[in-house]
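Chain by chain, the residues:
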Amino acid sequence: VSTDITRGAPPAHAAPPTSAKPVVQRGDRVFSGLAKYAGILILVVLAGVAAFLIAQAFPALVAPAEEIPGGNGFVAYVAPLIFGTLFAALIALVLATPLAVAVALFITHYAPRRLAQGLGYLVDLLAAVPSIIFGLWGRDVLAPATVELTDWLYGNLGFIPLFAGPPSATGRTMLVAGVVLAVMILPIITAVSREVFLQTPKLHEEAALALGATRWEMIRMAILPYARSGITGAAMLGLGRAIGETIAVTIVIGNSPNIGDTIFSQGYTLAAVIANEFGEAASDPTHRAALIAAGLVLFVLTLLVNAIARYFVNRAERGERTVPQGMAG
Amino acid sequence: MTTLPAVSGRRRTTDRVARGITLALTLIALVPLVLILYYLIKEGIGAWSGDFFGTDPTGRFLGDPGGVKSAIVGTIVMVALASAIAIPIGIGVALYLVEYGKRGKFANVVRYFVDVMTGVPSVVFGLFVYIVLVVTKVGGTFAAWKGAVALALLMLPVVTRSAEVVLNLVPDSLREGALALGAPRWRVVFKIVLPTALPGLVTGSLLAVARAAGETAPLLFTAAFVFGTQFDLSQRMNSLPLQIFNDVSQAQDRLVQRAWGAALTLVLLVLLLTLLARLVQRRSRLA
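Protein chains in written order, with the numbering used here: chain A, 148 to 476; chain B, 78 to 364.
This is chain A alone, in the form it adopts within the complex (with noise of 0.2 Å):
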């Protein structure tokens, strides 16, 4: 019967089908094209940022020493910067690990299921509040209140190098800064550390569970050692964050660049300095070049603490593809 059909037909499509090429269609090139230049946007867009920021940072750098603001040169000014921002991040850092690392781990393995998913909505909640919001709590309620605590203790146990004072009058300190900094960096190291706990291979848990273990040293034998390097990972990515908030730092800070000041004393923070002598700055080339280059130096450092926050963050998701087989059988 088939042959039938094809006898009928002209003798040019008795030939059986020359290709089974895909059709590709205009609208296809035209659509392909379009998304991979939105791509190609992406990495033209950080390569423009770099090289902008470097071609208009050149000057600061060359410039003699007296015209850079300070009058020692670039590296005097931007030091006292660098320490602030690194000190006020660490101080964030030590206060907000270990409080979402029990968040993520309260919220995966102790709570409830109802009030785990409510926790989980409240951590949201905080992380889509504004930074200029923590800046302005952080200035008009907790700098105030925390005036008496650190004249206490200046008084009582300033011998201790790190309260070494005297405190700031304002309330407005590192330590301030630092706690601000916490607040806000917390909603991601939980969010991240509870993704590593979930990814926890469940063979692991039931494992430790049915060999008699509590619940505690379950989380200790296979959920920590599992997932020390996503929880590394989430730190970093939270130092990251802490390293490049602008606005809250600035209202709370005190911004005033010094070393080895305590964390009772002011301090600055390289994205403040760019958001507050800004302005001053517009009329001044190299003061402005020199802001510019502690943009590129914020730039440069939260590239730095991303890359190796990915690394551990990548690395824990590797893990779960590498379980041992014979454990998972």
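Hints in this document: simulated from the structure, not taken from any laboratory. Careful: at least some of the hints might be erroneous.
Stated by the list, open to error - 30 Å max Cα-Cα, derived DSSO-like pairs, lysine-lysine: (1) B:119 <-> B:214; (2) A:183 <-> B:179; (3) B:268 <-> A:183; (4) A:183 <-> B:119; (5) B:119 <-> B:146.
Fit chain B to the supplied structure of chain A, relying on the hints for placement.
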């Protein structure tokens, strides 16, 4: 008949203590959130009035400081423009990664740099737009559209990241079915993939919009600050975060009070967007 020995008292105590500690730390972690919301409502409501929403800031240090009308309008205008730029491009990048690039070398490079972009501080994007568009005086100095570009740069990686996750959730069987019926790839994307992923895309985009609405640093160098309400994108434009930033540093109670009122307004705006995102997400058919 033997019974298994019960968990020893010491181990059980350790377990209880560990549970108690995680609970306590969780509660401590929530204290700031509660305090912030409490002060926002307490201080913010007091500043609210008809005039607060209906008038522009007067710029007077003493006397009537005026309201925040221009700030609300400016935030909405600039965030809308930023969304119009960032959401289509962001979803486009995600489509490239999921539908075309897949696990290819270039796609992986793009994926990596989207991650990198997520970590770039917002102040750096502000500085970048300042250098490229403000210093060079492209169409004047400070302008609302330049602020929107800075916000769009911030939103772009967030939109892309969330869109990629959602597009990956669309089952391959749907794509294969449509392709087998002879539909070209782009029609598969528009008729099958995007509609299926729509709720998830909306959720991700709304969260990015919420983030952009609260950003201060990029606007500082790009849209600058102004008192009056206006819709001209080529002029300076006020915004809620900048209004708060300006008011909070003043040694004037009425200005600080206005900052709290503006802060409450901003938080409600952001929470509304977040809530909307959650509602849309709940209606999604994908996981």
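Now the hints, each set against the structure:
Between the alpha carbons of residue 119 of chain B and residue 214 of chain B the distance comes to roughly 43 Å, so the proposed pair goes past 30 Å and is violated. Among the hinted pairs, residue 183 of chain A with residue 179 of chain B is consistent with the structure: their alpha-carbon atoms are about 12 Å apart, no more than 30 Å. Annotation: proposed proximity of residue 268 of chain B to residue 183 of chain A holds, straight-line Cα distance about 20 Å (limit 30 Å). Using a Cα cut-off of 30 Å, the hinted pair residue 183 of chain A and residue 119 of chain B is violated, with the two alpha carbons roughly 50 Å apart.
Between residue 119 of chain B and residue 146 of chain B the CA atoms are separated by roughly 21 Å; this keeps the pair inside 30 Å, and the hint holds.
The earlier numbered hints that this structure contradicts are 1, 4.
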